[in-house]
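Asker: The working numbering applies: residue 2 is where the sequence shown begins, and numbers increase by one.
For the record, the hints were derived by calculation from the structure and aren't laboratory data.
The beta carbon of each residue, even a glycine, is placed where N, CA and C say it ideally should be.
Honestly, I wouldn't trust all of these hints.
[Claimed, not checked] Label pairs and their in silico Cβ distance ranges:
1. 2 - 32: 42 to 50 Å
2. 86 - 29: 30 to 38 Å
3. 70 - 4: 45 to 53 Å
4. 22 - 72: 21 to 29 Å
5. 113 - 4: 22 to 30 Å
6. 55 - 30: 20 to 28 Å
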Amino acid sequence: MRARIAADEAGAVASVRELSTAEVRYEMMHHAAGFSCNFSDLSGLISSDLIAGFKNGYAFFLQGCDANRAGDPISKFQITAVPKVPNTTGRRAFCTDETAVIRVDQEGSAESCLDHGPPLE
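Based on the sequences and whatever the hints tell you, model everything.
Answerer: Listed below in structure tokens is the structure:
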């Protein structure tokens, strides 16, 4: 069980990194629009199984998309990854935003990860 959790968590971190990198690439290709808030927009930049928002026992969410001012390109986003079955497919939540720093919450809370999760070491 521990080995599966460790593998699922490692996969979740890799997927968060993949999504973050895809957001940067998307923004570079669509500078006038900025970042995306839809996994489907990232098609071709991410693996096809991530488009549905589920992979390796984790659920992924893309949210918090916002511009600095009305009419400006989207300059902010938040990506979270939480275990689909807590304590079975994973224990920890992972998150990132436009800074590309991957953070972690040991209790598996996406909100806590975004609010005050320490950087993943």
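Asker: If a hint holds in the structure, say so; if it doesn't, say that too.
Answerer: Hints versus structure:
| no. | hint | result |
| --- | --- | --- |
| 1 | 2 - 32: 42 to 50 Å | 46 Å, holds |
| 2 | 86 - 29: 30 to 38 Å | 36 Å, holds |
| 3 | 70 - 4: 45 to 53 Å | 48 Å, holds |
| 4 | 22 - 72: 21 to 29 Å | 27 Å, holds |
| 5 | 113 - 4: 22 to 30 Å | 26 Å, holds |
| 6 | 55 - 30: 20 to 28 Å | 25 Å, holds |
Violation of the numbered hints given earlier is absent; every hint is satisfied by the structure.
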